[in-house]
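**Q** Given chain A, put chain B in place with the hints provided.
Number of protein chains: 2
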Amino acid sequence: MARLVLKFGGTSVADVDRIRNVARHVKREVDAGHEVAVVVSAMSGKTNELVSWCREASPIHDAREYDTVVASGEQVTAGLLAIVLQSMGVNARSWMGWQIPIATDTAHGAARIEDIDGSDIIRRFAEGQVAVIAGFQGIAPDRRIATLGRGGSDTSAVAVAAALKADRCDIYTDVDGVYTTDPRIEPKARRMDRISFEEMLEMASLGAKVLQVRSVELAMVHKVRTFVRSSFEDPDAPGMGDFENPPGTLICDEDEIVEQQVVTGIAYAKDEAQISLRRVEDRPGIAAAIFGPLADAGVNVDMIVQNISEDGTRTDMTFTVPASDLDKATTIIENAKSDMRFDVIQSEGGLTKVSVIGIGMRSHTGVAATAFKALANRGINIRAITTSEIKISILIDGEFSELAVRTLHSVYGLDKARP
Amino acid sequence: MARLVLKFGGTSVADVDRIRNVARHVKREVDAGHEVAVVVSAMSGKTNELVSWCREASPIHDAREYDTVVASGEQVTAGLLAIVLQSMGVNARSWMGWQIPIATDTAHGAARIEDIDGSDIIRRFAEGQVAVIAGFQGIAPDRRIATLGRGGSDTSAVAVAAALKADRCDIYTDVDGVYTTDPRIEPKARRMDRISFEEMLEMASLGAKVLQVRSVELAMVHKVRTFVRSSFEDPDAPGMGDFENPPGTLICDEDEIVEQQVVTGIAYAKDEAQISLRRVEDRPGIAAAIFGPLADAGVNVDMIVQNISEDGTRTDMTFTVPASDLDKATTIIENAKSDMRFDVIQSEGGLTKVSVIGIGMRSHTGVAATAFKALANRGINIRAITTSEIKISILIDGEFSELAVRTLHSVYGLDKARP
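Just so you know, the sequences run in chain order A and B.
Just so we're aligned: 377 in the UniProt record's numbering is position 377 of the first sequence, and the numbers increase by one with no gaps anywhere.
Just so we're aligned: 390 in the UniProt record's numbering is position 390 of the second sequence, and the numbers increase by one with no gaps anywhere.
Keep in mind the hints are simulated off the structure, nothing from the lab.
Just to be clear, a hint being listed does not mean it is correct.
[Said to hold, decoys possible] Stretches of chain A that chain B covers, calculated by requiring three or more beta carbons in the stretch to come under 8 Å of a beta carbon on chain B:
hint, stretch
1, 49-62
2, 86-96
[Said to hold, decoys possible] Just so you have them, the derived chain A footprint on chain B, three or more residues with Cβ under 8 Å:
hint, stretch
3, 52-60
4, 82-94
The beta carbon of each residue, even a glycine, is placed where N, CA and C say it ideally should be.
With the rest of the complex left out, here is chain A (with noise of 0.2 Å):
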């Protein structure tokens, strides 16, 4: 017998039939003889009719009130499994983030968990009782609703699931698992079994998408065994009631991992601008003067490049933004131009950021190579590189996007079945 979290997503619940179907997986763990906490999002399509309604009601609103309103969405999926699963003899009940309580901090319309009292719902455990719970949503020190911005569900997840001292987080999604890379782009890319909560926090921020960033980083620090599975595939397929080896992608410690391989796979993010400054004058405090204003207008910077100039007075800066962030950037960087003190701004969209990604390459040497030297043979011009401890990101032209990433996919051996 274990203790388990199982989270769903708004297209898992997006209709009262899925919400059938979500109540199946549900059965299947507690047949199995499993203590089991559900996190539930909202039907998928509610929560952004819910922030619209409050946009169409102000465009600047009162974050506790937009909390309340958005909140119902997770409220009425979590009492509508709890009726489902009841009609198929699970005791089960709905919990509101207040009623738990989820404590939040203050910061309404993106708080943070400070302390979940699991202690009711164990309690309900030892009676059989599955505990149905809204996620994305907490109470703040005003008794309060407040909700964790978007995507919240997963984090919602991942802290009960800590607090509760759950053998697993089961986030089940539209996808099957972590892929080595998007098979949309890469037929050949596998399903991995598992992956780092490191890796998998380069995946998640560099787009792959699958998981909340900050779920992810919570699962790290809590050490919460975080398990990526579908919820389309029939709750009861052989397999799928497997404890020790369901179908999905298990995110877990790197000691977990037996057999590490030094790349583990290829993300790619698309729509990205640069922007260079041209002969900025190079003295202390100039990165500061560039990057606060831009910081300041929520624009996010993602790498930065500076090469020092050939008399050693002044440099060039290179930096990424988001494409849609291009305008506003470069707005603001003209209008503090004498601050700046920068000769031309030059800045182009329409590129993509191909990342490696394998904790094995902190104890391997020449990773990088092999992608620069992969990426030149198809000629593909690398426009800027940033690295860290276990991953290489490389800024290329977007027309190469899907060029690019087959390549390192390839390179790596990510296409060949593991041993």
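**A** For chain B alone, kept in the frame of chain A given last:
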């Protein structure tokens, strides 16, 4: 300066534009210096949608989960109205039932309010804050959301007004007051300035549909001056903000009604059915034998008429039920024929009950005779009669409904403007 509770129903808050209109009504009262609490229903259609999801989830469902799902509708409206009010510069915040708290009994799905702690709201009145309260909901002793049953927002409003010791509870609805009869049937129907609680209770329970019966009972018990008015008029039209004499109908204690009429209004209820049991054995307990099983099955028996038969050992028993319950009622009676000991059962649908209501009846004689004579003059056959202190109800064939209403409206002089 007065303390007001304003209540807006589903059609008044059907979308964000209408909510904006509601906010203008609220702002008008705030600008006039009043302390204001607002009680809101779900956006029209939302409650039905939520209820249908519950039914789809399972025809028989846990009332606590039903409450969790259905109460979300009012939560959304309360948050949205608070946002709109703030955008108009009105200090406002939303309150859920559990936040105030509005304590109910344990009868989830049709709970009764047991206590409202108005202290927080009153404290914030002093800071100029408007309370926007989700109607229809409270918190049960199990710390779970409880709803008051359909139309419960009227009851919420009156209960809040009693708890806050409000000077008046304004029920904004899609009609502009209480009329002497249905204006769709009798164009000469006039809006009453005032009606007593007792009369309104008869009007409401007889199908006038302006206010929920329970809310009127509650208003009567707590002597909450309740005012019915239209939410669809221009909030800033002349007279709308007149505290002493706004457009609408005041439901109040009879002491407040100076010019008492003998008859105040004519109500009607269509789609009634009549069941007659012929030659019922006239013995003690026979009424219980007949009506017990019907009550157990939830059939709402209304008018009951019993005549002694010629030989004194048998009696004829006639009663009415809603036409929609007729088949159920006759089946129950047929099945229990051995207990009930009657000869023949006769039934007929398509009937109408018209009622003459007036507190002045208590001190005037001949009111009933006037009705019978007027109907006879029009050739309308009377099938059954029941009377109370302030009401005469007459069962007639449905085809005469409109004629009977107009005849009675005229014979008591209700067509004419009051002096």
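**Q** Just to make sure I understand the rule, a stretch counts as covered if three or more of its residues have a C-beta closer than 8 Å to a C-beta of the chain. Does the stretch 82-94 of chain B meet that for chain A?
**A** It holds, with 7 qualifying residues against the three required.
**Q** Given as covered by chain A, does the stretch 52-60 of chain B meet the bar of three residues or more with CB within less than 8 Å?
**A** Satisfied; 6 residues make the cut.
**Q** How does the coverage statement for the stretch 49-62 of chain A fare against chain B, requiring three or more residues with Cβ below 8 Å from a Cβ of that chain?
**A** Coverage by chain B holds for the stretch 49-62 of chain A (9 residues, Cβ < 8 Å).
**Q** For the stretch 86-96 of chain A, do at least 3 residues have a Cβ located nearer than 8 Å to some Cβ of chain B?
**A** Since three or more residues must qualify, the claim that chain B covers the stretch 86-96 of chain A holds, with 5 doing so at under 8 Å.
The structure shown violates none of the earlier numbered hints.
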